[in-house]
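**Student:** Single-letter residue listing:
Protein chains: 2
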Amino acid sequence: MAPLSDRVLMGPGPCNPYPEAVEALGLPMLGHLDPEFIAVLDETCERLRTVFGTRNALTLPISGTGSAGMEAVFVNVVEPGDVVVVGVNGVFGERMCDVAARCGADVVRVDTEWGQPVEPQRLLDAHPAPKIIAVVHAETSTGARSDIAPLGEGKADALLLVDCVTSLGGIEVDIDGWGVDLAYSGTQKCLGVAPGLAPITVSDRARERFVAKSRSWYLDLRMIGDYAGAAKGARKYHHTAPISMIRSLHAGLGAVLDEGLAPAIGRHTDCGRTLQDGLESMGLELIPPASHRLPQLTTVRIPDGVDDAGVRKQLLERHGIEIGGGLGPFAGNAWRIGCMGHTARPRNVTLILAALAEALGR
Amino acid sequence: MAPLSDRVLMGPGPCNPYPEAVEALGLPMLGHLDPEFIAVLDETCERLRTVFGTRNALTLPISGTGSAGMEAVFVNVVEPGDVVVVGVNGVFGERMCDVAARCGADVVRVDTEWGQPVEPQRLLDAHPAPKIIAVVHAETSTGARSDIAPLGEGKADALLLVDCVTSLGGIEVDIDGWGVDLAYSGTQKCLGVAPGLAPITVSDRARERFVAKSRSWYLDLRMIGDYAGAAKGARKYHHTAPISMIRSLHAGLGAVLDEGLAPAIGRHTDCGRTLQDGLESMGLELIPPASHRLPQLTTVRIPDGVDDAGVRKQLLERHGIEIGGGLGPFAGNAWRIGCMGHTARPRNVTLILAALAEALGR
Chain A
1 MAPLSDRVLM GPGPCNPYPE AVEALGLPML GHLDPEFIAV LDETCERLRT VFGTRNALTL
61 PISGTGSAGM EAVFVNVVEP GDVVVVGVNG VFGERMCDVA ARCGADVVRV DTEWGQPVEP
121 QRLLDAHPAP KIIAVVHAET STGARSDIAP LGEGKADALL LVDCVTSLGG IEVDIDGWGV
181 DLAYSGTQKC LGVAPGLAPI TVSDRARERF VAKSRSWYLD LRMIGDYAGA AKGARKYHHT
241 APISMIRSLH AGLGAVLDEG LAPAIGRHTD CGRTLQDGLE SMGLELIPPA SHRLPQLTTV
301 RIPDGVDDAG VRKQLLERHG IEIGGGLGPF AGNAWRIGCM GHTARPRNVT LILAALAEAL
361 GR
Chain B
1 MAPLSDRVLM GPGPCNPYPE AVEALGLPML GHLDPEFIAV LDETCERLRT VFGTRNALTL
61 PISGTGSAGM EAVFVNVVEP GDVVVVGVNG VFGERMCDVA ARCGADVVRV DTEWGQPVEP
121 QRLLDAHPAP KIIAVVHAET STGARSDIAP LGEGKADALL LVDCVTSLGG IEVDIDGWGV
181 DLAYSGTQKC LGVAPGLAPI TVSDRARERF VAKSRSWYLD LRMIGDYAGA AKGARKYHHT
241 APISMIRSLH AGLGAVLDEG LAPAIGRHTD CGRTLQDGLE SMGLELIPPA SHRLPQLTTV
301 RIPDGVDDAG VRKQLLERHG IEIGGGLGPF AGNAWRIGCM GHTARPRNVT LILAALAEAL
361 GR
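Protein chains in written order, with our numbering: chain A, 1 to 362; chain B, 1 to 362.
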């Protein structure tokens with residue numbers, strides 16, 4: 001049997017992109033200062049404001065993947081010695097600690113068992129006057145959601161920094177309503193676009209506390225904002241924008257907003273619930289507690305005696321379906337099944353449940 | 001007249017991408033650990049070795065634009081206090097100084113008039129024992145080429161770091177033959193691919209002198225090399241690779257190598273010569289000296305009394321042709337006309353000469 005290259009991508013990302021986003025990749029190239037491209041960029045930023053739930057002027061796609069977004073938000077506000085409280089309940093909280101430490105931060109970790117949400121009060125109590133409180137909204141390594149709103153209420157003088165890589169477009173994100181100061185995401189999850197860009201948003205309050213000179217030139221948000229139009233005055237060239245990817249993001253966001261943000265989130269919710277119900281009906285155990293379980297990314301324990309790699313290989317080779325293995329303490333004993341972006345369709349939920357039942361002989 | 005969106009891109013980049021590179025953007029998405037994608041990534045790195053003229057194991061596309069490549073090479077070798085000699089004859093030499101200074105370098109500038117090449121001996125004489133000697137091979141802001149080979153011969157213990165953004169694929173680049181230790185490029189110039197990736201290559205000699213821990217997590221070349229296969233042993237996930245862009249680079253490099261690297265460079269040479277002869281025949285003055293004039297990027301003085309922005313606007317609106325304005329001291333008094341990648345065709349040279357003659361009434 002010839003292998004299938006048209007994958008059904010049900011891992012932790014990338015998802016299958018929206019057809020509109022794929023089509024836009026092939027549009028004729030434009031220069032990065034072309035008026036036609038600048039109009040697309042401006043509209044992309046405005047669409048990002050809608051999905052983030054913000055009026056922040058500094059809202060734009062960083063020219064790198066989600067992790068570049070993470071680095072961008074830290075590197076513009078952290079100076080050596082600044083106290084940064086980080087919630088750690090998976091790979092991406094760990095990554096935040098690493099990134100912040102490389103900026104010279106005094107990192108205060110709040111460790112939580114993998115698979116569990118980070119308790120907001122523990123973050124608020126971790127230090128009397130941190131510069132930043134940082135947490136991952138939707139932990140891609142575990143499928144757990146942490147609550148953000150209580151952090152905004154209790155943050156006092158701290159800046160609230162939130163990883164929205166896997167949450168944006170898949171569950172409610174309300175940057176302004178929750179009082180989030182710095183947030184970043186990725187394009188390849190619930191926004192349904194290829195990987196390569198990191199949407200970010202930064203409050204005016206956080207911009208006032210930017211370091212005098214970021215230690216990164218490439219991720220210097222003052223200079224990038226001057227190009228992307230977040231500053232008043234003329235646009236200044238910074239680096240050549242990734243034109244095709246930005247046009248694709250523009251189109252992907254267009255598809256989401258044409259459907260409606262709430263219906264798109266509802267589709268993720270419904271697909272996730274059906275998938276999770278189906279997995280439990282097969283006798284499989286879901287890892288995060290029901291109250292904090294992401295619909296778009298499901299972590300399920302691998303039953304005893306089942307060959308992790310063998311099942312994933314069978315799904316990939318027989319059906320062209322990708323699911324994700326576990327990371328860290330979950331390596332070898334959990335799968336991560338994503339239902340994000342264009343992949344979040346009942347058809348794919350029905351398919352993966354049937355294919356898993358077939359592979360497990362249930 | 002309805003405006004044309006299918007531009008003829010004859011500015012300093014992006015160029016029009018090769019049709020093969022555009023087509024690959026639309027291929028079905030793959031996961032970043034999918035065996036099919038890993039094979040594409042490996043072959044992309046091997047193709048990059050061919051165009052760079054190197055056997056360096058650490059040769060790969062950075063997930064960002066050319067400037068991310070610049071930052072990646074500096075941030076992995078520079079520690080605070082390290083002496084970095086930088087040749088400055090345009091915007092990108094200036095940028096190197098800024099990036100190196102943010103890494104804490106003691107920057108020793110070797111300033112040269114814009115439009116002129118940097119003299120190798122002046123770089124070699126600038127400091128008795130620098131850690132790095134850095135120079136731009138092809139200055140995108142001026143169209144001047146600087147000689148690299150003498151730097152490799154005279155570098156002694158220094159690491160030789162070269163910006164190949166506009167040179168790679170358009171003129172000879174011989175990383176191993178010239179003794180270059182660190183180099184980076186962009187995809188949107190003579191490689192004929194959309195902007196968004198930065199091919200880099202690093203010698204084993206430079207890898208041995210990497211800092212203990214890069215101040216950038218995103219651009220940490222040890223970790224990126226572990227994912228891209230430059231290290232021995234298992235691949236480790238670092239960040240989600242920009243799949244579509246890498247497939248496009250793979251296909252663009254395939255187009256270049258199918259044509260043959262030498263014939264592709266020859267095409268850039270021929271187009272540049274024809275363009276430059278044509279401009280001189282129209283009585284226009286070229287800025288860099290003939291001996292160090294890039295064929296792929298021509299800088300021409302705007303004749304007295306000619307309206308810079310008006311001419312560029314006419315070319316764009318009437319013909320959909322983009323040419324570049326001047327930067328820095330050249331703003332308002334020079335144009336930059338690129339002939340790179342798929343744009344480097346006699347048809348486009350004939351077109352731009354005729355369109356300019358029309359606009360200038362010559």
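Derived by calculation from the structure, the hints in this document are not laboratory data. Heads up, some of the hints might be wrong.
What the hints assert, rightly or not - Lysine-lysine pairs mimicking DSS-like chemistry, simulated, CA-CA at most 27 Å apart: (1) A:Lys313 - B:Lys236; (2) B:Lys155 - B:Lys213; (3) A:Lys236 - B:Lys313; (4) A:Lys131 - B:Lys131.
Claimed, not checked - Using C-beta positions, here's what the derived DEER-type ranges look like: (5) A:Asp111 - B:Gly332: 32 to 42 Å; (6) B:Ala309 - A:Pro150: 50 to 60 Å; (7) B:Glu43 - A:Arg235: 36 to 46 Å; (8) A:Asp308 - B:Gly104: 41 to 51 Å; (9) B:Gln314 - A:Arg235: 37 to 47 Å; (10) B:Glu36 - A:Arg235: 37 to 47 Å; (11) A:Gly328 - B:Asp98: 34 to 44 Å; (12) A:Arg209 - B:Ala357: 46 to 56 Å; (13) A:Arg235 - B:Asp6: 22 to 32 Å; (14) B:Glu43 - A:Glu317: 19 to 29 Å; (15) B:Gly332 - A:Pro35: 12 to 22 Å; (16) B:Val211 - A:Leu257: 50 to 60 Å; (17) A:Asp270 - B:Arg235: 45 to 55 Å; (18) B:Arg235 - A:Gly266: 32 to 42 Å.
Keep in mind that this is a model prediction, so the values were computed, not measured. Glycine included, every Cβ here is placed at the ideal spot set by N, Cα and C.
**Student:** Compare the structure with each hint and give your call.
**Tutor:** Hints, one by one, checked against the model:
Pair hint Lys313 (chain A) plus Lys236 (chain B) holds up; C-alpha atoms about 18 Å apart against a cutoff of 27 Å. In summary, the hint linking Lys155 (chain B) to Lys213 (chain B) is supported, as the alpha carbons are separated by about 25 Å, within the 27 Å threshold. Taking the CA atoms of Lys236 (chain A) and Lys313 (chain B), the gap is near 19 Å; set against the 27 Å cutoff, the hint holds. About 36 Å separates the Cα atoms of Lys131 (chain A) and Lys131 (chain B), which puts this hinted pair outside 27 Å; it is violated.
For Asp111 (chain A) and Gly332 (chain B), the hinted distance range of 32 to 42 Å is not satisfied, since their beta carbons lie about 58 Å from each other. At about 53 Å, the beta-carbon gap between Ala309 (chain B) and Pro150 (chain A) stays in the expected band of 50 to 60 Å. In this structure the hint that Glu43 (chain B) and Arg235 (chain A) lie 36 to 46 Å apart at CB holds, the actual value being about 38 Å. Look at Asp308 (chain A) against Gly104 (chain B): about 45 Å separates their beta carbons, and that is inside 41 to 51 Å.
In this structure, Gln314 (chain B) and Arg235 (chain A) break the distance hint of 37 to 47 Å, their C-beta atoms being roughly 21 Å apart. Distance hint check: the CB atoms of Glu36 (chain B) and Arg235 (chain A) are about 40 Å apart, consistent with the given range 37 to 47 Å. Between Gly328 (chain A) and Asp98 (chain B) the beta carbons are some 38 Å apart, a value that agrees with the proposed interval 34 to 44 Å. Here the CB-CB span from Arg209 (chain A) to Ala357 (chain B) is close to 55 Å, well matched to the stated 46 to 56 Å.
As the Cβ distance of Arg235 (chain A) to Asp6 (chain B) is approximately 24 Å, the hint placing it in 22 to 32 Å holds. Our hint of 19 to 29 Å for Glu43 (chain B) and Glu317 (chain A) holds, since their Cβ atoms are close to 21 Å apart. Between Gly332 (chain B) and Pro35 (chain A) the beta carbon distance is about 19 Å. The supplied range of 12 to 22 Å therefore holds. Checked against the hint of 50 to 60 Å, the C-beta distance between Val211 (chain B) and Leu257 (chain A) comes to roughly 44 Å, which is inconsistent with it.
Taken as a hint, the range 45 to 55 Å is violated for the pair Asp270 (chain A) and Arg235 (chain B), whose Cβ atoms sit roughly 35 Å apart. Roughly 37 Å separates the CB atoms of Arg235 (chain B) and Gly266 (chain A), a value that falls within the hinted 32 to 42 Å.
Against the hints set out earlier in the document, violations occur for numbers 4, 5, 9, 16 and 17.
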